[in-house]
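Engineer: Protein sequence lines correspond, in order, to chains C and E. Under this note's numbering, the first residue of the first sequence carries the number 1, and numbering increases by one thereafter. Under this note's numbering, the first residue of the second sequence carries the number 1, and numbering increases by one thereafter.
Calculated directly from the structure, the hints in this document are not laboratory data. Hints may be right or wrong, so weigh each one.
Going by beta-carbon spacing under 8 Å, a handful of chain C positions derived as facing chain E [as the list claims (entries may be wrong)]:
1) H41
2) E45
3) Q71
4) A74
5) V76
6) H94
7) Q100
8) D139
9) L144
Beta carbons: idealized from backbone N, C-alpha and C, even for Gly.
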Amino acid sequence: MSSGTGAPIDGARPAGTAPSPDATVVLGAAEIGRALTRIAHEILERNKGGADLVLLGIPTRGQPLAQRLAQRLAEVEPGLEAVDLVGSLDVTMHRDDLAQHPTRTIGRTVLPDGGIDGKVVVLVDDVLYSGRTIRAALDALSDLGRPRAVQLAALVDRGHRELPIRADYVGKNLPTSTSERVSVLLAETDGQDAVLISGGAR
Amino acid sequence: MKHLLSAQDLDRATAIRVLDTAGQMAATQSREIKKLPTLRGRTVVNLFFEDSTRTRISFETAAKRLSADVINFSAKGSSVSKGESLKDTAQTLQAMGADAVVIRHHASGAPHMLAHSGWTDGAVVNAGDGTHQHPTQALLDAYTIRRHLVGDGGRADVTGRDLDGLRVVIVGDVLHSRVARSNVQLLHTLGAQVTLVAPPTLVPVGVEAWPARVSYDLDAVLADEQPDAVMMLRVQRERMSTAGGGFFPSPVEYSRGYGLDGRRLRALADHAIVMHPGPMNRGLEISAEAADSPRAVIVEQVANGVAVRMAVLYMLLAGEQTTNVKVEAA
Chain C
1 MSSGTGAPID GARPAGTAPS PDATVVLGAA EIGRALTRIA HEILERNKGG
51 ADLVLLGIPT RGQPLAQRLA QRLAEVEPGL EAVDLVGSLD VTMHRDDLAQ
101 HPTRTIGRTV LPDGGIDGKV VVLVDDVLYS GRTIRAALDA LSDLGRPRAV
151 QLAALVDRGH RELPIRADYV GKNLPTSTSE RVSVLLAETD GQDAVLISGG
201 AR
Chain E
1 MKHLLSAQDL DRATAIRVLD TAGQMAATQS REIKKLPTLR GRTVVNLFFE
51 DSTRTRISFE TAAKRLSADV INFSAKGSSV SKGESLKDTA QTLQAMGADA
101 VVIRHHASGA PHMLAHSGWT DGAVVNAGDG THQHPTQALL DAYTIRRHLV
151 GDGGRADVTG RDLDGLRVVI VGDVLHSRVA RSNVQLLHTL GAQVTLVAPP
201 TLVPVGVEAW PARVSYDLDA VLADEQPDAV MMLRVQRERM STAGGGFFPS
251 PVEYSRGYGL DGRRLRALAD HAIVMHPGPM NRGLEISAEA ADSPRAVIVE
301 QVANGVAVRM AVLYMLLAGE QTTNVKVEAA
């Protein structure tokens, strides 16, 4: 759900919309699954286990990704329950580009029962692009509590950062031009798992 | 959505969108930090030509929770009491750079005039005009009804749902009530079945054209319809010349025929809710027993008002500004 000036908003595409026919598939279902499994292990490695972890997905497509990561964490790490780990964080009302787009629909913010104070929060998003969504997420987070640390997981990092933000866990680095469009499709919202690139002069 | 002037302007999809947005706004209001940065730098003017407590405070709270700057203007103690016209007042506000004007006026149509005259570029929100419209009240009533009566009594997710098949009875001074007009239109748009109950003298001319049934007998309606929600209207004595204004013989008689007392309260179905837009005339249209009963959601209506008005301001002000062409500083 990252967007830059003048570029299409990946996350704002309504669920079920077919991408343009000239799109190239860069990640298939199996690759997405492997990337998420690797990220799950990296999260456990970096944080020395799953204690005090909270995964917050950024709607629309960060949410199912956070769910899947939480399931993988619960499978690997004994004593973890997926439902206690995962939540969603809507950033719409903290965005800095509200005046440049038609009115956005506000998503849900749901925190796990334990809250986020003193926890290690891993933000989960589908595409990391300008970094503005993550900036908004950091602001939204500070209104909800004070985590001990905040980390970032993104399925795709396509570059073109406009802010000093980087991801701690990346599924795939995709070098793109700004005129290209990266679409993440997930079974939960779009009926299939795939990452597509379309548009651009190629 | 550029202005919100009348409940009739809202189609089903837009109305549901406002209610859904209000649901998300309400969720933020249970947090420790209730303020959101969404409308930072925007200015909202509350232009109140008529007395109001809850609507003005509600709009002020909503705007402040979204970080907008709020300027309160009431006709009392301003140049309006020296005879300034609406046009001059509006142009003064325009010069101060108002992004939205929330207006309450004793003349029906004043918000429409303000929105379409070109006196101000800002979005206009009708906060009650004469006996015409009060759209945000209708929205908060619809939100309250949806929260309580749709989706298994509020336990299931109601996002995207309308009020299909619910029976709502609106009782009392329909003639003077902008709340009733707005509610009839909005509840009808959302699929609810509305019945108006009032003494014949307090039923407006032309009511046949409204999408609602009309009855003069409250007890019969409560028994036959088994309503899901009963909305009591305030008897607007300030709009009547004398005590009952010739509209009804005496307050006691009105109360007996159209007041919600303990007996009528017990005749309601178990899930039914009692609503009142406030301020209440206790003992006239609603007894203390009914007003304080557990099925009364009157205090909650006020709380929901803030969430609904946050949603309205968000939808009017947060998106792309197409009509407001700002002059670049040379």
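Engineer: Against each hint, give a clear statement of whether it holds in the structure.
Structural biologist: Verification of the supplied hints:
1. Checking H41 of chain C against chain E by beta carbon gives a least distance of about 34 Å; that is not within 8 Å, so the hint is violated.
2. A least Cβ separation of about 33 Å between E45 of chain C and chain E goes past the 8 Å threshold, and the interface hint is therefore violated.
3. A hinted interface residue such as Q71 of chain C counts as satisfied when its beta carbon comes closer than 8 Å to some beta carbon of chain E; here the least separation is about 22 Å, so the hint is violated.
4. With a least beta-carbon distance of about 24 Å to chain E, the hint placing A74 of chain C at the interface is violated under the 8 Å criterion.
5. Of the supplied interface hints, the one on V76 of chain C is violated, with its beta-carbon coming no nearer than about 31 Å to a beta-carbon of chain E, more than 8 Å.
6. A cut of 8 Å between beta carbons decides the hint on H94 of chain C: the least distance to chain E is about 6 Å, and the hint holds.
7. Here the hint on Q100 of chain C is kept, as its CB sits about 7 Å from the closest CB of chain E, short of 8 Å.
8. Annotation: interface hint on D139 of chain C holds; nearest CB of chain E at approximately 7 Å, less than 8 Å.
9. Taken as an interface hint, L144 of chain C checks out: its beta carbon lies about 7 Å from the nearest beta carbon of chain E, inside 8 Å.
When held up to the earlier numbered hints, the structure conflicts with 1, 2, 3, 4, 5 and fits the remainder.
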